[in-house]
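K.L.:
What follows is the residue order along each chain.
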Amino acid sequence: GENVEQHPSTLSVQEGDSAVIKCTYSDSASNYFPWYKQELGKRPQLIIDIRSNVGEKKDQRIAVTLNKTAKHFSLHITETQPEDSAVYFCAASMGGGSARQLTFGSGTQLTVLP
Amino acid sequence: DAGVTQSPTHLIKTRGQQVTLRCSPKSGHDTVSWYQQALGQGPQFIFQYYEEEERQRGNFPDRFSGHQFPNYSSELNVNALLLGDSALYLCASSLQETQYFGPGTRLLVL
Chain V
1 GENVEQHPST
11 LSVQEGDSAV
21 IKCTYSDSAS
31 NYFPWYKQEL
41 GKRPQLIIDI
51 RSNVGEKKDQ
61 RIAVTLNKTA
71 KHFSLHITET
81 QPEDSAVYFC
91 AASMGGGSAR
101 QLTFGSGTQL
111 TVLP
Chain U
115 DAGVTQSPTH
125 LIKTRGQQVT
135 LRCSPKSGHD
145 TVSWYQQALG
155 QGPQFIFQYY
165 EEEERQRGNF
175 PDRFSGHQFP
185 NYSSELNVNA
195 LLLGDSALYL
205 CASSLQETQY
215 FGPGTRLLVL
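Read top to bottom, the protein sequences are chains V and U.
Using our numbering, the letters of the first sequence map in sequence onto residues 1 to 114.
Using our numbering, the letters of the second sequence map in sequence onto residues 115 to 224.
In case anyone wonders, no lab produced these hints; they're calculated from the structure.
Yeah, the Cβ is synthetic: ideal placement off N, Cα and C, and Gly gets one too.
Treat the hints loosely; a few may be bogus.
Below, computed lysine-lysine pairings styled on DSBU-like, alpha-carbon distance capped at 35 angstroms [what the hints assert, rightly or not]: (1) U/K140 x V/K71; (2) V/K42 x U/K140; (3) V/K58 x U/K140; (4) V/K57 x U/K140; (5) V/K22 x U/K140; (6) U/K127 x V/K42.
Computed list of chain U residues with no C-beta within reach of chain V, every gap over 10 angstroms [to be verified]: (7) R129; (8) R169; (9) H181; (10) L195.
Put together the whole structure using the sequences plus the hints.
P.N.:
Structure follows, in structure tokens:
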């Protein structure tokens with residue numbers, strides 16, 4: 001089955017700096033890659049996703065890049081703010097429509113220092 | 115529009131007991147997936163329900179079973195509870211690719 005590795009496990013940045021989280025996946029059939037943010041005691045919330053026919057996607061301060069050849073995708077957060085502090089999870093899935101099981105990475109605890 | 119809801123929020127059981135967790139999907143969503151999230155780890159896929167049938171299943175034993183009702187709500191049942199079943203159980207609903215998570219049920223097995 002699919003395996004997703006995520007690095008780093010913890011990341012501390014100064015407010016205003018950028019943060020980058022990296023994930024690799026094992027199954028070349030994976031075609032959908034969402035990123036979730038989970039604050040302490042809260043539900044995971046989708047922050048951005050990318051499909052395999054796109055190399056990069058941006059939404060305000062958040063961007064995701066995908067390298068299908070290397071089976072690697074990354075989350076970039078610019079101009080970080082204290083409210084960005086949370087655990088971030090990458091995930092990968094194959095299939096189509098709602099018939100998807102998400103395989104998650106182990107998470108990155110991001111701390112933004114004021 | 116209510117998002118995904120789950121009940122109960124917390125549950126304490128003892129080894130060997132059985133538990134039922136409930137999930138109501140986001141309005142208009144027809145697919146419900148269940149995940150187990152152990153402390154400090156990413157969610158792990160248990161199974162997915164669509165049209166009242168189990169469509170996909172992850173690497174979980176038969177002690178884990180589920181059901182989906184005609185109104186798309188779903189239940190997760192776990193029999194013969196083990197200490198290792200202690201976790202946050204999340205359900206997610208979807209209509210297309212995006213899965214929206216509920217707040218979870220935190221299960222503690224003593």
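K.L.:
With reference to the structure, classify each hint as holding or not holding.
P.N.:
Structure-based check of each hint:
no., hint, verdict
1, U/K140 x V/K71, "holds (32 angstroms)"
2, V/K42 x U/K140, "holds (17 angstroms)"
3, V/K58 x U/K140, "holds (26 angstroms)"
4, V/K57 x U/K140, "holds (26 angstroms)"
5, V/K22 x U/K140, "holds (30 angstroms)"
6, U/K127 x V/K42, "holds (22 angstroms)"
7, R129, "holds (26 angstroms)"
8, R169, "violated (6 angstroms)"
9, H181, "holds (18 angstroms)"
10, L195, "holds (23 angstroms)"
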